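Engineer: Protein chains in written order, with the UniProt record's numbering: chain A, 1 to 443; chain B, 1 to 887.
No wet-lab data here; the hints were simulated from the structure.
There could be a bad hint or two in this list.
To be verified - Coverage of chain A stretches by chain B, computed from C-beta distances (three or more under 8 Å per stretch; other residues unrestricted): (1) 310-323; (2) 362-372; (3) 408-414; (4) 418-427; (5) 431-441.
To be verified - Below, a list of computed lysine-lysine pairs in the DSBU-like style, where the Cα atoms sit at most 30 Å apart: (6) Lys301/A x Lys729/B; (7) Lys388/A x Lys301/A; (8) Lys770/B x Lys373/A; (9) Lys539/B x Lys291/A; (10) Lys402/A x Lys799/B; (11) Lys294/A x Lys402/A; (12) Lys291/A x Lys770/B; (13) Lys291/A x Lys777/B; (14) Lys301/A x Lys799/B; (15) Lys294/A x Lys777/B; (16) Lys729/B x Lys365/A; (17) Lys669/B x Lys734/B; (18) Lys402/A x Lys777/B; (19) Lys816/B x Lys428/A; (20) Lys365/A x Lys770/B; (21) Lys799/B x Lys406/A; (22) Lys365/A x Lys377/B; (23) Lys770/B x Lys402/A; (24) Lys365/A x Lys777/B; (25) Lys23/A x Lys578/B; (26) Lys301/A x Lys770/B; (27) Lys102/A x Lys51/A; (28) Lys831/B x Lys777/B.
Claimed, not checked - From the derived model, a few chain A residues whose C-beta atoms are all more than 10 Å from chain B: (29) Glu101; (30) Leu154; (31) Arg209.
In this text the structure is predicted, and so the values were computed from the model without any measurement.
Here a beta-carbon is modelled for each residue, glycine too, at the ideal position from N, C-alpha and C.
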Amino acid sequence: MASTSPATTNGDVAPANYDLVLKLAPHLDRHMIFPLLEFNAGRLKEDETDKAREILAAKYALLKKTNMTDYVANLYCELEGLKEPPAEYAERRQKVFHQLEKYEQETAKITELLQRDDVVNNLRSDKVANLEFLKKEHDVTIDMVNALYDFGQLQYSCGNYADASELLYRFRVLSTDNDKVSYATWGRLACEILTMNWESAMEELQKVRESIDTRLANNPLAQLQHRTELVHWALFPLFNYDKAREPLLDLFFNAGFINTIQANSPWILRYLTVAVITNRGRAKNAGVHQKQMKDVVRIVKQEAYEYQDPITRFVHALCIDFDFEEAQQQLVLAEEVLRSDFFLLAHADDFVDSARHLIFESYCKIHARISLKDLSARLGLNNDDAEKWIVNLIRDTRLDAKIDYKEGTVVMNHPPSSVYQQVIERTKGGFFRTQVLTAAVAR
Amino acid sequence: MSRFFRDGGDSSTDSSSEEEEVYTSEEEEEKVQAEDESSSEEESDEEESDEESSSDEESSSDEEEGTKKKGASRFLQSDDESEEEEEEQSDDEATTKVKSAKDKRFDELESTISQIQNGQKINDWSLIANEFDKLNRQVVKLQDGSKAPKSYIKAIADLEDFMNETLAKQKVTPKKMNATNARGLNAVKQRIRKNNKEYQAQIDAYRKDADAFMESDDEVAAPKVVSKVRFEAPVVSAEQQEEDDKGFSTVDSRGKVVQYTPESILKHLRAIIESRGKKNTDRLEQIKVMETLNKVVPITPYQKIRVLQTLISARFDLGAGGAAQMPLDQWKAAERDLASLLEILEKEKDHVVVEGAEEWDDDDKLPTIPEGEKYLKVPGSVVSLIERLDDELTRSLQAIDPHTSEYIDRLTDEGSLYNTIFRGLLYYEHLRKDASLEVPQESLSRIIQRRLDHVYYKPSLLIIFFQPAQVVKILEENAWKQVSAEADSEITPRSQSGDAGKLINILSNYLFENSEGIIRARAMLCQIYFLALHDEYYKSRDLMLTSHLQETIANFDIATQILYNRTLVQVGLCAFRKGLVYDAQNTLQEICGSGRQKELLAQGVMIQRYSQVTPEQERLEKQRQLPFHMHINLELLECVYLTCSMLLEIPLLAQTGSSPDVKKRIISKTYRRMLEYHERQIFTGPPENTRDHVMQASKALAAGEWKKATDFIHSIKIWDLMPNTEGIKTMLAKQIQEEGLRTYLFTYAPFYDTLAIATLSSMFELDSRKVSAVVSKMISHEELAAALDQVTETVIFRKGVELSRLQSLALTLSDKASSLIETNERTLEQKTQGSANAFSRKDNRGGGQRGGGQRGGRGGARTGGNPQRQAGGTQFTGGALGNAVRG
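Sequences and hints are given; from them, build the entire structure.
Structural biologist: Okay, structure coming up:
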């Protein structure tokens, strides 16, 4: 996994400094790094042939060890400028085919068995009993089950992710070897991610998480490493599958995982921050979002010495230093970074919009009167747009503010909440809750 | 403190020579005074028990005592050397005749004996008990030069007889003795039995024929002292020594000629080993014998190793008694011997010293390498010897006044010690290479730990030279010079040794991977300490946090706990140098807030007022003390701690000061107490010490006079001890400016409607952007009931946020009511194991509709900690109000 070439940085001056591919790569599978490289290659301009070549070399180095021989051969030709791939690739290809055939034969029986209804119906939830049953009735040996695993691995290495996933699934049903089962779960997760089958990917992710929490409870170091990997892998569904967003954010904010991020991979903060900020409109529960936001601010502050990029700096400037000018500057930079990030590209606009809301919100909270002109500059909009934007905002969020057009200002009204109101609010639920309580005690 | 003490001692030494004349002229009256002395005996007894606890104080207190008592007892108690020195001095000065020290002692002895006889006459056992103790002490000193004096033997024999008589009488007569007398009798009874056994032979001789014994010549009497193996007088022994050197023959105390031959060498050794630890063995004598053995005889490596091992242990035994540290020359000799032992071991690769090897039966023939084995295994432990050597150095450093040049002289020995440790390390690495030897990992870890202990606290950066790794580098370079060129350490390769940081890193990582328990924890702490010392705050903090030591440290031994405290303090200081006031205060709180810094850092013994400390505890405490060169400057520590506390506490005080109902949150109790004390003073003069400076700065800061505060803080002299003093001062000035602004706003907000940012900015000489950032922060955290007006660049303070007493009470009441409900809910939930889901109403509750209810869902972990934020403009609760809510 760690064999990626160091030459993956790309050309643009500013965002290049914040390119995380190098940091992410060690924690991803080589098959997953590939799309990242592809993305970087796609962003190159015509004249940057050197860079393109570097990326090509990186790709080659990356895939050399896989069994996707055809593609590797092509890459090699492209890299060396040859027409025909050297003979060794053909050889390797043959070898791979042989292996495939061999495994296919070995697993043919068990595959066939598992497709028969009468067999499948006899399977229970008890794995040991299942294996006994298959042994007795159908002469299935443990080697055959393990062959499923090896075959799955080979398929994966050849790039047949869907097949691999299926094989590993079958293996997992039958195998009693806990270690291999957990490897298989990781393998399936990779397959599902690579086939962009997000729903089942989320299922697998949950399984992996459980196994990390339970099986590795006695080995903190392994737990840390596995969590780091899982966090990295989870980035794929996080930004590609909307429904995954909330459960994954929950996962990230889980104490174990947030510690992992802080300790082992602070660069994930960028993704976490973006995910939380863009989530603001969508979150079902405003309270949860606020809590997450607070957590992000806290962690950004804590980790400022270890990791900084325009996105975290934006948060730092806005929520910790209350330096709105700085926040504005960082937002511009952040947008650039976002547009050059594989995961975040699609969310750039969303982020900028949410970030503006954020700025405006805290700005209004602090100020009693704001000049419209200044505000529009701060939001990065022209005067008319800004006015429209603010009007919409006031309408949407029921913000207590008015625009004084003559003066060109927005006037906030911060009514101090009266003491009576506070007392009433605090004691409001008391009666009901006590009733529930007595009811519960009576039962 | 120690210096204080020491000064007193020194001056008394000076004066003692002047008093010398007085003594000599008073010599004739000595007898008379001796009687006075018995009356003061009780007093001196008490003092003597003190003396035993610390050898270092002994001489000084002796001398003080001497002055007090006009001389007489002074001579009794001062030890040999000073005595003789003074003798010489007085020879020069005084004209009157002078008795030799020994003679004086004899006189003393005689007077004590006559006291005992008096006591016997009047049957006063408490007097006898006292005198008997004194007698025994005196006789020990006399024995150093010769055998037990005959008058002493006579006295104890007579005393025993008398005692037996009294005991017999006791049985017959019904009349009881009074309490003190009975106690004295018992004490004497117990002691005399034990004591007389030692001199049984002499006593027997005396009993047989009292007169003959008394008259018999010294030379005849001496051999009868069976268990005492002693040279008669220093002069004689020196002569003998010379003889030894010439003729390779020596005479033992019985007058037999002893021939040291290669064959008999191990026999001698065995005899010595057997007598080790027994009472009344003369260790010095044994050492001499072994030195000769080592020097003289052309022996096999095996013999050499054995002799050296025993010799080194014997030298250590000299320092074993109680609090006395090893004599300097013996330490040096032990160090040399250890070095030569290591040299032999390095040369003779087929001889190894391992723990748990079987003893050789070497009386008859020399052991040879057994068939089929590569090594001749000699039982022993090099690492223990090295550890012992290290400990002895520490002990002697503890005892020496750190402000003398003697201390520095002694400290230079650390270099050679480090070399020894290093060679030992190499040796163990060499042993470890061969798996068949099964050298336990622990030995290697122990020796590495020792090495680490010697480097971790040394600053590698001496600012003046701008040369990194100064001290450690020198140590390392010397160590490498010592070993031969081809030797290289696997764990710490030669190429890495120049850089202290790398070295520490390698050593502690090695220990962390290869050891467990205390050594592992210590390695970790040493690394953290080193990092903190070199301004790597974040690294050290992260290491500290990941080590999880704060949870387990209570289970470790005290030395490790001390190291932990030291590390903690160092991390705190490092945070301060980085300008992280909050972190620094937090970290230092535990140590400095306790008021027991000295004790926690093992840099001085606390005088405990209310608790009884047994002498045993006190002795242990003293043993734990760190040598001076490892100390962390306590005054600097206090200064840092107080300054940090000031920066945090003063704004807090200003914030909470106005509303009386707010429960006072206190960051540092120590600081508060000092501040209160300071405020109670009617007149305050100009600041004298660090504390005064900080207190006056606090006062100024509270009044908004940040410039004055800065001046006070800057005039503290101890900052100069910090590296980069100017940087620290600038940092502090900046912090004071900001906190001053905050304090000002808190204090004076009620008196303003609006305040221009520009005014504030000129007042505190801060950037207007900075000012608005600070104000924004305060508004956002709801510390200040205000809002900014962007157009006019002013702060608008809201009015009417001050609560009446009734109102705030109502708020508190409602708070308490809701927390009561929550507690009830939680209790029930626990009881029903969460099965009753009746209260998890989180889902059927609308987002922000009910602010109060929201807390219940979260289990009420923070009751009212954060006022709920609802959509729209109701987020604002005023500053004071916000705090009231926080309760």
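Engineer: Honestly, which of those hints from before does the structure not fit?
Structural biologist: 7, 14, 16, 22, 27 and 28
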